[in-house]
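The chain contents come next:
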Amino acid sequence: MRLTLHIWRQKGRSDKGGFETHQVDNVSEHMSFLEMLDVLNEGLESQGKEPVAFEHDCREGICGSCGFVINGRAHGPMTRTTVCQLHMRSFKDGDDLTLEPWRAKAFPILRDLIVDRSAFDRIVQAGGFVSTNTGSAPEANSVPVRRDCADKSMDAAACIGCGACVAMCPNASASLFTAAKLAHLNLLPQGEPERLIRSEKMVLQMDIEGFGHCTNHGDCEVVCPKGISVTTIAQMNRNYVQATLLSSPREGDSTE
Amino acid sequence: MSLPDNKLPTGPIQTAWTDRKFSMKLVNPANRRKYTVIVVGSGLAGASAAATLGELGYNVHCFCFQDSPRRAHSIAAQGGINAAKNYQNDGDSVYRLFYDTVKGGDFRSREPNVYRLAEVSVNIIDQAVAQGVPFAREYGGLLANRSFGGAQVSRTFYARGQTGQQLLLGAYSALERQIARGTVKMHSRSEMLDLVVVDGRARGIVVRDLETGKVESYVADAVALGTGGYANVFYLSTNAKGCNVTATWRAHKRGAYFANPCFTQIHPTCIPVAGSYQSKLTLMSESLRNDGRVWVPKNPADCGKHPGEIAEGDRDYYLERKYPSYGNLSPRDIASRAAKEACDDGRGVGPMVEGVRRGVYLDFADAIKRLGKPAVVEKYGNLFEMYQRITGEDPYEVPMRMYPAPHYTMGGLWVDYQLQSTIPGLFVIGEANFSDHGANRLGASALMQGLADGYFVLPFTLADYLAGRKPDGLQTTHAAFKDVEREVNARTDKLLSIKGKRTVDSFHRELGLMMWDNCGMARTDEGLAKTLKRIPELREEFWKNVTVAGSGAELNQSLEKAGRVADFLEFAEVMCLDARTREESCGGHFRTEYQDEGEAKRNDEKFSHVSAWEYTGVGNAPTLHKEPLEFNNVHFATRSYK
Amino acid sequence: MNFLLSFWRSTVGTKVVVAVTGLFLFAFTLFHMIGNLQVFTGPGDMDAYGAFLHKPEVLWGGRALVSTSILLHIVGTVKLVKTTAAARPQGYRKWTAQASTFYSRTMKFTGPLVLVYFVVHLLNLTTGAEPGHIALHPNYLQTDGVPKAFENLTALLGNPLWAAFYIVANLALGFHLWHGAYSMCKTLGLSGHRQLRLARIIASLLTATVVGGNIAITTACVLHLV
Numbered sequence: 001m002r003l004t005l006h007i008w009r010q011k012g013r014s015d016k017g018g019f020e021t022h023q024v025d026n027v028s029e030h031m032s033f034l035e036m037l038d039v040l041n042e043g044l045e046s047q048g049k050e051p052v053a054f055e056h057d058c059r060e061g062i063c064g065s066c067g068f069v070i071n072g073r074a075h076g077p078m079t080r081t082t083v084c085q086l087h088m089r090s091f092k093d094g095d096d097l098t099l100e101p102w103r104a105k106a107f108p109i110l111r112d113l114i115v116d117r118s119a120f121d122r123i124v125q126a127g128g129f130v131s132t133n134t135g136s137a138p139e140a141n142s143v144p145v146r147r148d149c150a151d152k153s154m155d156a157a158a159c160i161g162c163g164a165c166v167a168m169c170p171n172a173s174a175s176l177f178t179a180a181k182l183a184h185l186n187l188l189p190q191g192e193p194e195r196l197i198r199s200e201k202m203v204l205q206m207d208i209e210g211f212g213h214c215t216n217h218g219d220c221e222v223v224c225p226k227g228i229s230v231t232t233i234a235q236m237n238r239n240y241v242q243a244t245l246l247s248s249p250r251e252g253d254s255t256e
Numbered sequence: 001m002s003l004p005d006n007k008l009p010t011g012p013i014q015t016a017w018t019d020r021k022f023s024m025k026l027v028n029p030a031n032r033r034k035y036t037v038i039v040v041g042s043g044l045a046g047a048s049a050a051a052t053l054g055e056l057g058y059n060v061h062c063f064c065f066q067d068s069p070r071r072a073h074s075i076a077a078q079g080g081i082n083a084a085k086n087y088q089n090d091g092d093s094v095y096r097l098f099y100d101t102v103k104g105g106d107f108r109s110r111e112p113n114v115y116r117l118a119e120v121s122v123n124i125i126d127q128a129v130a131q132g133v134p135f136a137r138e139y140g141g142l143l144a145n146r147s148f149g150g151a152q153v154s155r156t157f158y159a160r161g162q163t164g165q166q167l168l169l170g171a172y173s174a175l176e177r178q179i180a181r182g183t184v185k186m187h188s189r190s191e192m193l194d195l196v197v198v199d200g201r202a203r204g205i206v207v208r209d210l211e212t213g214k215v216e217s218y219v220a221d222a223v224a225l226g227t228g229g230y231a232n233v234f235y236l237s238t239n240a241k242g243c244n245v246t247a248t249w250r251a252h253k254r255g256a257y258f259a260n261p262c263f264t265q266i267h268p269t270c271i272p273v274a275g276s277y278q279s280k281l282t283l284m285s286e287s288l289r290n291d292g293r294v295w296v297p298k299n300p301a302d303c304g305k306h307p308g309e310i311a312e313g314d315r316d317y318y319l320e321r322k323y324p325s326y327g328n329l330s331p332r333d334i335a336s337r338a339a340k341e342a343c344d345d346g347r348g349v350g351p352m353v354e355g356v357r358r359g360v361y362l363d364f365a366d367a368i369k370r371l372g373k374p375a376v377v378e379k380y381g382n383l384f385e386m387y388q389r390i391t392g393e394d395p396y397e398v399p400m401r402m403y404p405a406p407h408y409t410m411g412g413l414w415v416d417y418q419l420q421s422t423i424p425g426l427f428v429i430g431e432a433n434f435s436d437h438g439a440n441r442l443g444a445s446a447l448m449q450g451l452a453d454g455y456f457v458l459p460f461t462l463a464d465y466l467a468g469r470k471p472d473g474l475q476t477t478h479a480a481f482k483d484v485e486r487e488v489n490a491r492t493d494k495l496l497s498i499k500g501k502r503t504v505d506s507f508h509r510e511l512g513l514m515m516w517d518n519c520g521m522a523r524t525d526e527g528l529a530k531t532l533k534r535i536p537e538l539r540e541e542f543w544k545n546v547t548v549a550g551s552g553a554e555l556n557q558s559l560e561k562a563g564r565v566a567d568f569l570e571f572a573e574v575m576c577l578d579a580r581t582r583e584e585s586c587g588g589h590f591r592t593e594y595q596d597e598g599e600a601k602r603n604d605e606k607f608s609h610v611s612a613w614e615y616t617g618v619g620n621a622p623t624l625h626k627e628p629l630e631f632n633n634v635h636f637a638t639r640s641y642k
Numbered sequence: 001m002n003f004l005l006s007f008w009r010s011t012v013g014t015k016v017v018v019a020v021t022g023l024f025l026f027a028f029t030l031f032h033m034i035g036n037l038q039v040f041t042g043p044g045d046m047d048a049y050g051a052f053l054h055k056p057e058v059l060w061g062g063r064a065l066v067s068t069s070i071l072l073h074i075v076g077t078v079k080l081v082k083t084t085a086a087a088r089p090q091g092y093r094k095w096t097a098q099a100s101t102f103y104s105r106t107m108k109f110t111g112p113l114v115l116v117y118f119v120v121h122l123l124n125l126t127t128g129a130e131p132g133h134i135a136l137h138p139n140y141l142q143t144d145g146v147p148k149a150f151e152n153l154t155a156l157l158g159n160p161l162w163a164a165f166y167i168v169a170n171l172a173l174g175f176h177l178w179h180g181a182y183s184m185c186k187t188l189g190l191s192g193h194r195q196l197r198l199a200r201i202i203a204s205l206l207t208a209t210v211v212g213g214n215i216a217i218t219t220a221c222v223l224h225l226v
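Protein chains in written order, with our numbering: chain A, 1 to 256; chain B, 1 to 642; chain C, 1 to 226.
Just chain A, with the same shape it has in the complex:
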């Protein structure tokens, strides 16, 4: 099949950027979307032109590197699918596709379809961990974990940090990401001692990074490749309120 692509091209952080139109011929329905872009890029490179920059690594939907908006939807039309696992059989001959990077102030564009998602790392630095040094762990089976808690924790822990939730949110909010990280740890007994301070600090960091707020639209949940539920956001809000309003001051809390 033959496709027309309108791709966002931008040289660097400070470049203004704009759309560029390319035709791709001989697209096989068995190609992945990224392989289709590989073909486009090989063509560009052999003409000495600069290829379209896009982030990718594992190409099996788990590393969270890839992602851009295809025709107004993050990661394209398939549910629970990252763009690397999206195959061309989802499109038809003659389709006209618009490819745009994630757009958010907290995700500055580095080049073409690549954005800087280091804000996510800083949210985790604010409290997305259990403070346990190597070697200090007790015997693994000394603390039983309710199976439903372990399962729900795992549901949230499946987050791959791709940023589609931010990209799709009408408010560019990182609530689903932050809430998933919080739910993963807060639901486990190992995460309980730091539950409140973790919730407070990660929410604070999310604001500092310049993400928008959640108005419960739910667009994030639909495009999340791992199907993380928006109910985690309500849990985050509950923990945050408890941490900031309802609990006694925590003088002794670690400040790291």
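Worth flagging that the hints you see were computed from the coordinates, not collected in a lab.
Quick reminder that beta carbons are idealized off the backbone N, C-alpha and C, glycines included.
Some clues are possibly wrong.
[Claimed, not checked] Partial list, computed: chain B residues near chain A (C-beta under 10 Å): (1) Ile-125; (2) Gly-164; (3) Arg-177; (4) Pro-351; (5) Ala-549; (6) Gly-550.
[What the hints assert, rightly or not] Computed far set for chain A versus chain B, every beta-carbon distance over 12 Å: (7) Arg-2; (8) Lys-16; (9) Thr-98; (10) Pro-170; (11) Ser-247.
[What the hints assert, rightly or not] Pairs of lysine to aspartate or glutamate residues, derived as EDC-like cross-links and limited to a Cα-Cα distance of at most 20 Å, are as follows: (12) Lys-226(A) / Glu-378(B); (13) Lys-561(B) / Glu-510(B); (14) Lys-561(B) / Glu-50(A); (15) Lys-185(B) / Asp-116(A); (16) Lys-561(B) / Glu-42(A); (17) Lys-544(B) / Glu-487(B); (18) Lys-544(B) / Glu-42(A); (19) Lys-642(B) / Asp-596(B); (20) Lys-533(B) / Glu-570(B); (21) Lys-214(B) / Asp-15(A); (22) Lys-601(B) / Glu-341(B).
Got chain A sorted already, so can you dock chains B and C onto it with the hints?
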């Protein structure tokens, strides 16, 4: 230079590591921050090492080429992690895990290393649980286990099909905690392009900032590489696109020996290549072979037909036929080779890619009949869904198609028992070192080794090295750094200035195909000789005719790829040479000349050693050093699965 | 009080304030509607009710609560809308809604509409009783600062144009209340699927009650049934 002392412990294997930990020197807590340590790579080995060293108080710099340390390829591991916890009361023990690993590795690994790995495996699970890794649990709240290939006990811990992801996120969260505390400085989107050796010791690295293109040096008292394996030498593999040999290869060129490069693992169940544009291969969990039956048509004329049209009597269930006792559950290397044989015989199925059908059926029709569709959905639903997403075929209706693919590399930089390479001060951890897996790695052991090295081995052995040295205030203004920076820049400029006709990927694909055909699942002296002749020619053409667009002072993915492929083009030679020199078949290394009716024929008399290669210049034959292997606990035996 | 300030500064904190004040205002509209149902039982009840509401402690207490809530609700919302606008300085050329609804995306428009309705409503029926006697009303009646609630209401809504305005305004209020009530539950931490389904049902029922009640009163007035 001959091979340095491997520092293997003597005395009883059960107490060797404890004794060694006691005899090693320590660094006073107050002095630790005076030492700078560089960790390259942020996968299971790199992240766990950087986090632990940060916790101990060292001044750590950690580097990764990805945009975040959380994206390292360890994240893609599906199955699980082994540990000798014996929670199932099925007779497991540290000794049994050790024994299984040595045997599974086909007697080409060091006994004391493997014992240590089995010993610390139990601590890894404790550590991961404490970090909040959501392992699968029983209703009583205790940890669940599953069985995995090559073992008769149930010792594999797992988090759905995302064990690697969860363990990496655990190590990553520990790392981020240290970054927040300021003990670790993280350098993402930074690719190590060379190692700096000063007065015979590893003292720093030169990196390229992948966003700005800036080339910079970092100085340290020791350098640890956790940069993964080199399966992408085959171009198509289950590795992430970014996985590369550059860090280890450049260290090799600076004096670190490369050990057993020909030991690579081919995974039998991957989704076959669909076309020449294919960019990577996707692994499907080995657990599918528990219920799926592998077959190809008996008659090559049937290969183009719809599988439903091929009568039962015209199907060849070759694994069940050849290995009646293990059948479809034969070990990885055996199942892989048998699939290749069937396809080479012209009986492969699926689309014709470059004139050959490379695929075999993995059929669940019998399982669906026997267990009912709901039971199959429950067991394999998510895998079937993934298969359908990629191929567009419904595995409940049409048998899956599978083909083997390069998956893991047991070879790597040579290290002693303390994980130090032949360059003092250069440590190598995880898949990047030549590792504890010998000639074949058992399932669910890669995660175990990466974390063992990073959490529980390197922090001790590195202290032993640092304690003997005083921080000397070396700066990156030292001439050695400037020289290496110049070389790195010259290489970048050269790549950009060629402006030839062929793309980087076209070279990579050609190299990969050649390696796959001649240094993949089955190797022959003739094929290797031919390849050894062809690689230098391809390399020469690369340096004359490659095209790399853009400049060095910006985010330039073509340039990144070009540098990595240039290194693969050098590395491939030593890999083929190693395969050619090892005139035996063992584990993942199968030399067609050395077999007993299709079974690998080891030659313990001549090849019970580690082959460590010393670099002598591009295009020059490297020097081989042999480290003999001793087996005092596990006795040589021939694997048989018939 | 520091902790209150930092709570307010965070987006989640602001949202909680908007939600809590929203909850109060929802309750206010509900009770207000129930009070007005006395229009059906005749002028006596209605006027007595109006007089009760004009007891100074009820009047000023109520006014303080309502106006503080409205103020916090609006200031909080404006702050959040600003944050949102700053969070995506450059929009998409193409963006397709996946789950967000007409109601959820129009909250920031139905909000000001409700505010306009509120102000007009005050001018219609409240300010005429205050010193100055400014009233947007065909024939406003009051004695010593206590309005003649029944007559004022029936006279106003007996006018078809005003009745139409009130019906339209109540529909906007309905959109706002319906999504607001449901969204508020999530903001305040309701997360179970069953709880949320229940919340949706309750939000729909209560919204229907408020809007239905108000429209019923309006219809009754314009058709001169009371």
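Each hint tested on the structure:
no.	hint	verdict
1	Ile-125	holds (5 Å)
2	Gly-164	holds (8 Å)
3	Arg-177	holds (4 Å)
4	Pro-351	holds (8 Å)
5	Ala-549	holds (5 Å)
6	Gly-550	holds (5 Å)
7	Arg-2	holds (15 Å)
8	Lys-16	holds (16 Å)
9	Thr-98	holds (22 Å)
10	Pro-170	holds (25 Å)
11	Ser-247	holds (21 Å)
12	Lys-226(A) / Glu-378(B)	holds (18 Å)
13	Lys-561(B) / Glu-510(B)	holds (15 Å)
14	Lys-561(B) / Glu-50(A)	holds (14 Å)
15	Lys-185(B) / Asp-116(A)	holds (18 Å)
16	Lys-561(B) / Glu-42(A)	holds (13 Å)
17	Lys-544(B) / Glu-487(B)	holds (19 Å)
18	Lys-544(B) / Glu-42(A)	holds (18 Å)
19	Lys-642(B) / Asp-596(B)	holds (12 Å)
20	Lys-533(B) / Glu-570(B)	holds (12 Å)
21	Lys-214(B) / Asp-15(A)	holds (19 Å)
22	Lys-601(B) / Glu-341(B)	holds (18 Å)
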